[in-house]
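Student: Starting from the given sequences, assemble the full structure and let the hints guide the process.
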Amino acid sequence: MQLPDAELLLKNLVKEIQPDVASKHFALIGIHTGGVWLAERLHQELAITLPLGALDVSFYRDDFDKIGLHSQVKPSEIPFEVEGAHILLVDDVLYTGRTIRAAINELFDYGRPASVSLATLVDRGGRELPIAAQYIGETLKLPTDKMLELRCDDHGKLSLNLYHKSLSE
Amino acid sequence: MINRNPQLDAHGVLQHLLTTEGLPASILLQILDTAESFVGVTERDVKKIPLLRGKSIFNLFFEPSTRTRTTFEIAAKRLSADVFNLNIAVSAQSKGETLLDTVNNLSAMNADMFVVRHAQSGAAHLIAKHVRSEIHVINAGDGSHAHPTQALLDMFTIRRYKHDFHNLRVAIIGDILHSRVARSQIHALTTLGVPEVRVIAPKTLLPKMVERLGVQVYHDMAKGLKDIDVLMMLRLQNERMQGANLPSPEEYFKYYGLTPEKLSLARRDAIVMHPGPMNRGVEIDSAVADGKQSVILPQVTFGIAVRMAVMSILAGNQV
Amino acid sequence: MKIHIKNGRLIDPKNGIDAVRDVFIAKGKIIAIGMPPDEFQASRIIDAQSFIVCPGLVDLSVRLREPGLEYKATLESEMGAAVAGGVTSFACPPDTDPPLDEPGLVEMLKHRAKNLNQAHVYPIGALTQGLRGERLTEMAELNDAGCIVFGQPDGLLPNLRVLMQAMRYASTFDFSVWLRPQEISLTNDGVAHDGEVATRLGLPTVPVCAETVALSNIILLTKETGVRVHLCRISSAEGLAMIRAAKQQGLPMTCDVTINHIHLSDMDIGFFDSNCHLMPPLRSSGDRDALRNGLLDGTIDAICSDHAPVDEDAKLLPFGLSEIGATGVELLLPLTLKWGMEMRLPMLKVLAKITSDPAEILGIDAGHLSVGSAADICIFDPEHYWKVTSSAILSQGKNTPFLGMELPGGIKYTLVNGHIVYER
Chain R
1 MQLPDAELLL
11 KNLVKEIQPD
21 VASKHFALIG
31 IHTGGVWLAE
41 RLHQELAITL
51 PLGALDVSFY
61 RDDFDKIGLH
71 SQVKPSEIPF
81 EVEGAHILLV
91 DDVLYTGRTI
101 RAAINELFDY
111 GRPASVSLAT
121 LVDRGGRELP
131 IAAQYIGETL
141 KLPTDKMLEL
151 RCDDHGKLSL
161 NLYHKSLSE
Chain H
1 MINRNPQLDA
11 HGVLQHLLTT
21 EGLPASILLQ
31 ILDTAESFVG
41 VTERDVKKIP
51 LLRGKSIFNL
61 FFEPSTRTRT
71 TFEIAAKRLS
81 ADVFNLNIAV
91 SAQSKGETLL
101 DTVNNLSAMN
111 ADMFVVRHAQ
121 SGAAHLIAKH
131 VRSEIHVINA
141 GDGSHAHPTQ
151 ALLDMFTIRR
161 YKHDFHNLRV
171 AIIGDILHSR
181 VARSQIHALT
191 TLGVPEVRVI
201 APKTLLPKMV
211 ERLGVQVYHD
221 MAKGLKDIDV
231 LMMLRLQNER
241 MQGANLPSPE
251 EYFKYYGLTP
261 EKLSLARRDA
271 IVMHPGPMNR
281 GVEIDSAVAD
291 GKQSVILPQV
301 TFGIAVRMAV
311 MSILAGNQV
Chain X
1 MKIHIKNGRL
11 IDPKNGIDAV
21 RDVFIAKGKI
31 IAIGMPPDEF
41 QASRIIDAQS
51 FIVCPGLVDL
61 SVRLREPGLE
71 YKATLESEMG
81 AAVAGGVTSF
91 ACPPDTDPPL
101 DEPGLVEMLK
111 HRAKNLNQAH
121 VYPIGALTQG
131 LRGERLTEMA
141 ELNDAGCIVF
151 GQPDGLLPNL
161 RVLMQAMRYA
171 STFDFSVWLR
181 PQEISLTNDG
191 VAHDGEVATR
201 LGLPTVPVCA
211 ETVALSNIIL
221 LTKETGVRVH
231 LCRISSAEGL
241 AMIRAAKQQG
251 LPMTCDVTIN
261 HIHLSDMDIG
271 FFDSNCHLMP
281 PLRSSGDRDA
291 LRNGLLDGTI
301 DAICSDHAPV
311 DEDAKLLPFG
321 LSEIGATGVE
331 LLLPLTLKWG
341 MEMRLPMLKV
351 LAKITSDPAE
361 ILGIDAGHLS
371 VGSAADICIF
381 DPEHYWKVTS
391 SAILSQGKNT
401 PFLGMELPGG
411 IKYTLVNGHI
421 VYER
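Chains as they are written, first to last, in my numbering: chain R, 1 to 169; chain H, 1 to 319; chain X, 1 to 424.
Possibly wrong hints are sitting among the right ones.
As the list claims (entries may be wrong) - Straight line, CA to CA, 25 Å or less: simulated DSS-like cross-link-like pairs of lysine-lysine: (1) X/349 - X/315; (2) H/48 - R/74; (3) R/74 - H/254; (4) R/66 - H/77.
To be clear, the hints were calculated from the coordinates, so they are not data collected in a lab.
Note that this is a predicted model, so its numbers are computed, not measured.
Tutor: The structure is reproduced here in structure tokens:
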């Protein structure tokens, strides 16, 4: 199938978020790994002044018993005060909602934010938890045996990639 | 008969941490990298993460050590595991229950992990060999054999301050003969690519053929400390300070104790480490222990993160 | 019972025979070799085609764990293991509980062993009371009770004055003294050879000099006292060189080595295998090779099993806390054959180390197949390989570093005094 152009979706997303930036003073947090690339671009294009945060949710995942610890855990970095902030979580693909659950759990261990919103490039449905994104690049219906991920080339250009579940990333 | 490394399963995945010897650099580095993430966690207001929620970790201390046991306990609690401390030195063993009886009883209580400290070399290996396959064993010190988590936190500290292992000269100073810490440090350093590891001690405190472990042997601090980047001091046990091993703590301090004068023989930016608890005025002068080249306190902090990393990697490596 | 052993390859090191010969037995003795005596009517014919017929093996160290340590093994279990290993005579060390230091204990042991009607048991009398190294035992009385040699096993050598006097006293009666050379003050709590393996594993060590210092004392005291000395369980190349020199000087000394030390080195400890917790410790591969060659050139006179059955619980401990010793009486022949094959030696020379030579050291009329002598015979299949497993071993102790290995030499029949005491 023909996947949409990630750069185009990014433009849509920027347009969606733009009207709320002034009122909410968003603090951006990307979720490793695709979400961080996306958050970096949004941070730039939306001209956010607060520094960018990054979360690696490995320690908060609920499938630890099944798959163990990810072999390359990155440190989480939240270089601003979470207490009372309007947080905008950024992830590349929203699917079951479990990653976002883990991210919100971790986030609350840093403090109590005033609000948490979610921005995602692609919402592919298939939710297993009551989680929704406020800002969506595009909604796609994809077969359940396919995985969708964001890639970033050497020049920082974003693209989407679809592969079979049985193949490793 | 040469057996497979008992720490790894058939696919080379870490099942127990018993010694740093024979582990590939990739596994040591994975532990250090994971520990970096945990340092972030330990610096937050909420220092606890839910990773090992519902897991039972038993601290089996056949040899009392409040200090080491506490660091494992803190690490386990920060990972949300349930921790049980058993001071077996004074309970079951005196009732004639064997080591393996104790282990079997605890296994039956659905333990997920054992942290073992024992005065005999090989005790952790023995337990790892006989526990049910889903239980992971961490060696928290066995006799004079190994103390891998201490060595790993030392490696973590070195990497924090020196960034790269490949251009370092490291000296380990003191009672190498009886030290499990020294053995684990030597294996970790050589595996991680440190090109020159020295041991400095009088001949009574060096094991036979220690150079076969990949170290250079020095008996003189002035020669041994020249061009050194990292000084790893060892604790001298009280009972070894006088008798057939050494004449007196005073003489030892004079010739092998780390004073500011001796430290000045090493590189100007050298760091000083010690696994604790220190004998001030025996192996190390207070002016050095509390001086600006000392990284002894950060070692303690990093110790928690490294033990969290070991526990979470092992718990995640299911058979 | 009259027995005719036919078609077997008869190997008798003492008489220098290696040929296909029939053996004829009556009234417990060998009455003819080669041609049958007149009017011989066998009540049992053993077909030994493709088997080797040799003197019953003589083992210089088998622990029965009686009296006192029956939870490890019993007289019955270990006597059964001995004949299953083709051993028809053996010396048993005095390190029982209580030690064999009183005539009554020795008589009891001899009596119990005799009733079992299996191998001949030769208790080694304690050299000092309670093996404490302070006071001499009543050696002459013990000799009357059945001790033909006296020893101080497991390296517990008395102080030099007591040792010298014990050697003098023994020489008065022409008893030989059996000593394992190990200086206790250099042993401490050591459990492994002082080398790279112990350094890696952090195990306390027994240096080679513990053996050589003791040897040096024993050699000088042998010169001083003139007693016949048998040196038990040599472990090092350096010790071996000292014994070679002493023998060349004409000192009345013999020595033995264990089946473990001629095949294994400290490397075999691997990851703390407590079955390799032996004393003297397994030393370097260089030492092992020297011992193998020492047997060849005759510096070492005999191979023994140093049989030490240990209960499982006592081995399921960290290396240093585990009990010393390995079961071995059933491995004496297989491991001796293995040494001989690896050294490419003639069978005659190989079997001498476990038949005629140890019999001579012990001073007993055994270990040979002469007409008129007791019919103590071992018949084995040299081509049969078997796997060492806990079920294959009859001894109550299953502790051996050779578990899981395939070894040559299957015992088919063991005869003691003309009785078939083991067959399979």
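Student: Hint check: residue 349 of chain X vs residue 315 of chain X, CA-CA at most 25 Å. Holds or violated?
Tutor: With Cα atoms ~35 Å apart, residue 349 of chain X and residue 315 of chain X exceed 25 Å; violated.
Student: Within a Cα-Cα threshold of 25 Å, do residue 74 of chain R and residue 254 of chain H meet the stated pairing?
Tutor: 46 Å, violated
Student: Does residue 74 of chain R lie within 25 Å of residue 48 of chain H when you go C-alpha to C-alpha?
Tutor: Given that 25 Å is the threshold and the Cα spacing comes to 17 Å, the pair holds.
Student: Residue 66 of chain R and residue 77 of chain H were given as a pair; does the straight-line alpha-carbon distance stay at or below 25 Å?
Tutor: 21 Å, holds
The structure shown violates the earlier hints numbered 1 and 3.
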